[in-house]
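Undergrad: Each chain, letter by letter, is given below.
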Amino acid sequence: MARETEDPGMAKASKVKRQRKKKTKENKTRTVHANLLYDNAKGEENPNRHYANNKIKTTKYTVLSFLPKNLFEQFHRFANVYFVFIALLNFVPVVNAFQPELALAPVVFILSVTAIKDLWEDYRRHRSDKEINHMDCLVYSRAERSYVEKYWKEVRVGDFIRLRCNEILPADVLLLSSSDPDRLCHIETATLDGETNLKQRQVVRSFFDLDCDFDPIKYNSIIECEKPNNDLNRFRGYIIHRSGRRDALYKENLLLRGCTIRNTEEAVGIVIYAGHETKAMLNNNGPRYKRSKLERQMNVDVFWCVIILLVMCLFAAVGHGLWMFQYGDKRPVFDVLSPDGTDLSPIMSAIYLFLTMIIVFQVLIPISLFVSIEIVKICQVYFIHQDMELYDEETDSHLQCRALNITEDLGQMQYIFSDKTGTLTENKMVFRRCTVAGVEYSHDANARRLAMYQEMDSEEEECTSHGGTLPRRDSVTSHQTPWSVRLTFTHFSYSVLSADKPSSDLQEKDITPDPQLLDKVNECSSQMDFMRFHSQPMSQLPSDLADVIDFFIALTICNTVVVSSPNQPRQKVQLTSTKSIQSNHLQVNKGSSSSLITNRSSNKGCSSMLSSPSAESTLTKLDEEQPPRDLEHNFGPVLPCYDGKAWNLEEGELRYEAESPDEAALVYAARAYKCSLVGRLPDQVTMELPHLGKLNFELLHTLGFDSTRKRMSVVVRHPLTDQITVYTKGADSVIMDLIKPPDTGSSKGKRQKKIVNRTQNYLNLYAADGLRTLCIAKKIMSKEQYACWLQHHLEAETAIQGREELLFESALRLETNLQLLGATGIEDRLQDGVPETIASLRKAGLQIWVLTGDKQETAVNIAYACKLLDPEEEILTLNEACALFNFTTFEIYPSSSPSSSSSSHTPPFMVHRLGLVIDGRTLAYALDKSLEDKFLAVARSCRSVLCCRSTPLQKSMVVKLVRNKLKVMTLAIGDGANDVSMIQVADVGVGISGQEGMQAVMASDFALPRFRYLQKLLLVHGHWCYSRLANMILYFFYKNAMFVALIFWYQFYCGFSGSAMIDQWYLIFFNLMFSAFPQLITGTLDKDVSAETLQQLPQLYVNGQNSEEYKPYMFWMNMIDAFYQSLVCFFIPYFAYADSDVDLFTWGTPFTTLALFTILVHLGIETKTWTWMNWLSIAFSIALFFTVALCYNASCPTCYSPSNPYWTMQRLLQDPLFYLLCVITPVAALLPRYFYRACQGTLFPSPVQVGRQLDKLPAETCRNILSLSRVKVGSPLSPKPPFLSLAKPSPKGCNIKDQRSFPSSRASIV
Amino acid sequence: MMATSYNAKEEDGHHSGASSHGAAGVVKSKKPDNTAFKQQRLPAWQPILTAGTVLPAFFVIGLIFIPIGIGLYVSSNNIKEFEIDYTGVDISNPCYSCAKNFSWNSTTPCVCSMNFTLEQPFESNVFMYYGLSNFYQNHRRYVKSRDDSQLNGDQSALKNPSKECEPYRTSDGLPIAPCGAIANSLFNDTLELYHIDSNNTRNTIPLVKKGIAWWTDKHVKFRNPGENLTAAFQGTNKPVNWRKPVYELDPSDPDNNGFINEDFIVWMRTAALPTFRKLYRIIQKKSNTTPTLPSGKYVLEITYNYPVLSFDGRKRMILSTISWMGGKNPFLGIAYITVGSICFFLGVVLLIIHHKYDTRSNSADIPN
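Residue numbers (the numbering used here), protein chains in the order written: chain A, 256 to 1565; chain B, 2 to 369.
Chain A on its own, in the form it takes in the complex:
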């Protein structure tokens, strides 16, 4: 023992040195030593000291740094700097307009509101950090020689941690030991990627055969691995043992922070990454900030406001100069000298005045607008979150707004780019048809049953809707720590749903087998049973039957499905292992989760030495001519179970957890044919076949699915034939290329050829039906071949540089010369309401493009199914065939296409009857710089565009192209990792929190549970958010301009001296307090049209697309109105008090009141729905003003220089003139607007107004009107708005804008 401790001590020094050298040389790797060795050494000596500890701190500020840091951040916003500048300007005596301290008030107010918001957010983060940091875990302590409880934050890199079942991992841990006999550890990664299936993790190979408890003291290896990064699916490195041997480390060895340990009683690991360096934390990006279109437009107008401000100031300055000039040298008594008694020249005082005026007119740049917009957006997000109709009961998830500041963009979308799988479709795969050895089995019964289910679905929806999530939660609730609460995005359990939801999910499990095929399976297996019994070689089996059985074997084992039983949802079905044949009883664990059965064989000694890695052992196993472990042994223990009913029962309860839903669909399909997957271990798969009972396939290798290869393979040792067999399944296009070219000479070869041809035919047929197709193939290898391949493969696996490519090549070597077994057709059902949603979105003038990676036929069929393509439409297909001649295709398109040649004469809508289908390779040409304009021109003249076989990059390129070239607002919606780039490129990215994990959601601005919610999100919430914000912004501009102009007019009567008749307090708090609340309420709650009508009349969405609520000219109209109103508000009191003994501030106070009333009534005219909140806010505003004014005017007789408004308000309230003014001025000021609105409502109502009128009708009248052939809107005078032509809904319902844009597009084609 002493030696051991000493030894590493010595090694330490050199290692540290080496590590230091490494650090300076290349910083690409991280070296982790066990902390135990350095326990006694001070921090200085610990080689791991450079790595982040496990204490997380997501807060931005500390108590000390809060103020400076927060201020610094806030001053990044230009507006804040501007306002501070103005406030500081007030401290210059020559130019000051207000009391300097008072002038600071607005800025301080705005800054402090933002700071308080930030502080609160930070505090919340701090609290949750604290909770997480103080969670417990077991860390090995050298002093105690055992695992002791420590807080998470005390965990350091290099610590050994013991994890128990259902515990959450505190850091990224390399798995060194597991109580599982197979050295596995299951983790649930729902908090990371939302995938709820269990993932298997393996103990590091070198520790694989360690059979006694892992002893941290004896650990003395060094781990070299890559630097912390945020790729959840990558971990590379190697472990260096004392012996100098290196072993590769994979992501399968790494347990990620935030995951939950399942099915494993105990696991021990060493911390590799801690705290902020864990992959989970590196993946944890905050919300995204984008600038919306409306805000960009607003900023232009803010800029205009600045210009107006400068013009006004300049005007006043020049005026003041002239005014001074006219007096010449005779300075009048009222023109006060500068404080030091010197005379100011007119020019100098004009310059000073310019600055003063900027201060006085500062309100024109709406300081509170930015804050108000933020507040309103937060409220809007809150309401969107709260919408019940956007809540999906099945998954207990609702819409999430991840980007908080682009809600209004939702109302202005013009193009939607949608993924297909998982977005339009459910991504719940149902096995529908298959073809085996060239024979088609159509599974008609299945189709019939599906239809039946669909009917049932609708009826049962209500009663079954809630059950989905509960059983699983039982097991989880007790472990719902803050951590999981925080990181939980959507608890969506694919497998649980399929088990507990009787309605739609039954379909994928319950497949009615095709009787013909079932017979064949039975026949085949009985024959095999017979043959086995008589020890005949299996190769004598007729080839078609052999294909059938191989087909099902492939379906069953060629996957990564994990088997579990629903009673104990996360309990693995414990299976017999080949190691312990004696205790070889099938044990379905019925105990509680903690009492996991450990049927570890006792005969193996407790070896502390590291055993050789299993890969090597596999090789050696292969080499030794191991007599096939006699079949008796393999099946013996299971046979009794087979005929027992008990087993059947249990079999029914088996559940499969698959990474992708089509895998599960295939496994369930195979089970329908009594070929069920019973258990999976890292080195063995157990399946059960009729007559044959349980078969154990020794799993030699799994080459997982990836999107470049588009296939996966397993290499197994077939228990019956003892041959090494490769089963491959994958996309037909890929597999077909890998099929062994049949040698046409033999009959077998002919048969093969026939099979291939037939299968190809059926595949086309399936695709035409909109089914997803997969090909199943196999290959038999000789041992030598395999050994050779394995050698190469192992080399590839242990390589650190270029491992991916090597592995890819290695896989390629394996997956060649395959023998086609058959193909499957899986249906991916459309999500509920997809056709309806697409129809109404299209009516709303949105162009919908579908970008999918699927093949053309499937995509086209789905497009037809979801009404994206219309049978009446002419479809223009650009695919690989014409890809080479692509360039010319575009050139000749107008003349070659019959419809377009006629289109030059027919009305433009004819062109909209075109649908464009383009495939990936052609798309690559089309996206070329020289062709993209033509491509866009063609695409724009088509009603729908379908891009199939497109790569993620192409998807994003298409979106970018459309966005940049057409200058339109784009929305991308998708659910998978392949949609991420497109989601990020689009103006608004929407993720579907569905089956394929959370990557799309993480990248998105909005996350929806279902596609159909897009309809309400866009048509209702988008419309509302847009019209609310647009109106609020316009109102803000108006309000400020109107108020400031009052002072501007006054300059004509005070010698342009920068004097303000309005008390500076009112001036400054008018915006911040008196008039702030009603507009916030209106901006948050106003509904121009009800949700129902908006959904029934999607045409109203055009309103937002064309930015009709806030057109550039509207800003100027509002400005003109503001100037008119301020003229009225100024000159009525002016003439009413002309040549009277009124003093400055007694005259000025009514202005504040009048302006307040006018502004509020103006808001009232623009408010469409009046709830009690509106009334309350207006009443509050007025009450607040008078209360403040009265208190202010009574508070101090000598303060508030220069206005010193003591008792002014009180006296005004006794003056009848004041009331008379307050009545007439708002009326006179708002008369034009009110009149205009009334005329507009009658003479040329906007579509939205018509929608509002429909709103008011009782439901049935409304329905009648909507169902009428043509709703007459507007007066006979006005041109019939094209948007409501309900009679012929489709072609003309299209975006007006597009029709307008047609000529240009056609021009560019021709």
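Honestly, the hints are just simulated from the structure, not real lab data. Where is the CB? At the ideal position from N, CA and C, for every residue including glycine. Where hints are given, some of them may not hold.
To be verified - Label pairs and their computed distance ranges (CB to CB): (1) A:W1304 <-> B:E302: 38 to 44 Å; (2) A:S600 <-> B:P331: 31 to 37 Å; (3) B:K160 <-> A:P594: 15 to 21 Å; (4) A:P594 <-> B:S157: 16 to 22 Å; (5) A:C1446 <-> B:H356: 49 to 55 Å.
Since chain A is already given, all that's left is putting chain B on it; use the hints.
TA: Positioned in the frame of chain A, the structure of chain B alone reads:
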């Protein structure tokens, strides 16, 4: 006609987790509450602005405003007002010579008198104003140039006036009381009014000089620094343009002297517009039988101290009675009548529009 639609407020249909299959812990569903507020279904009044719905409003406004306007106009017309300009711009003006020769530095007062005739007798109390034109009392720097604490009798402010008073803060090293440009430019003409009766004798009309300032100004805002004014203002200097110190403004009445001199207080309330009037004296009604100012000839005797010609100013004396709505100003009455008429007219226009073009909305609006 303004249609109202109150959506029924729906019950709070929050789904509890009670439907769980014997779950141990209560599962908190994320389902949003079904409340009218959260679902944005608050009962609301939704006015739609069309010709049909707003035209009543126009008529109502018209019908209310026109009578008010007429009433205002009449009551304004009942107010009697007389105005006389005594600046002395013309040679014909008796004050011409005074105006010509006068500047702030003159020491000898110049007196001139103007004759005028009142055509109509002034009943009830008559208010006598002096009016200034082109005098920018609202100039930004001018308005600021005062120290309210000093005027409130604050000792420290008296000795050390606010910086705002610069450059009229100190003179000859002593603090100025009252400091600032406003006080410095105090209007110091003296106006006296004589009635010339049938015998051509001049009868002095008694002018009340108290009660012309706001009560709060006189009693709260303005205070003398002490009882004994001379002593209290010891150590201060008079404003540059003043001839006598502040404690000699009205030696006859200690209650009207110093800072609480009402003429001073009135002046300190800076006017809003460059043409303004300030209350100077009140001619109180003597009895019910005789008018306060009977028609006839009058003489206004002016002690001309205040130069305005340098900045093209004008000085006037105004005699006026007042009504409940203040002085004579027909504007508001006319404004009400005009706005009322416009509303009425627009109402008619809307009515026509409504009848000609709004038929559809009638048929559509049946059910309301």
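Undergrad: Taking the beta carbons of K160 of chain B and P594 of chain A, is their distance inside 15 to 21 Å?
TA: 19 Å, holds
Undergrad: Falls inside 38 to 44 Å, the C-beta gap from W1304 of chain A to E302 of chain B?
TA: Between W1304 of chain A and E302 of chain B, where Cβ atoms are some 40 Å apart, the hint holds.
Undergrad: Taking 49 to 55 Å as the stated bounds, is the beta-carbon spacing between C1446 of chain A and H356 of chain B within them?
TA: Distance hint for C1446 of chain A, H356 of chain B holds at roughly 52 Å.
Undergrad: Could you check the hint for me, namely that P594 of chain A and S157 of chain B are 16 to 22 Å apart, CB to CB?
TA: 20 Å, holds
Undergrad: With 31 to 37 Å as the target window, see if S600 of chain A and P331 of chain B comply at their CB atoms.
TA: 43 Å, violated
Checked against the numbered hints listed earlier, the structure breaks hint 2 alone; every other hint is satisfied.
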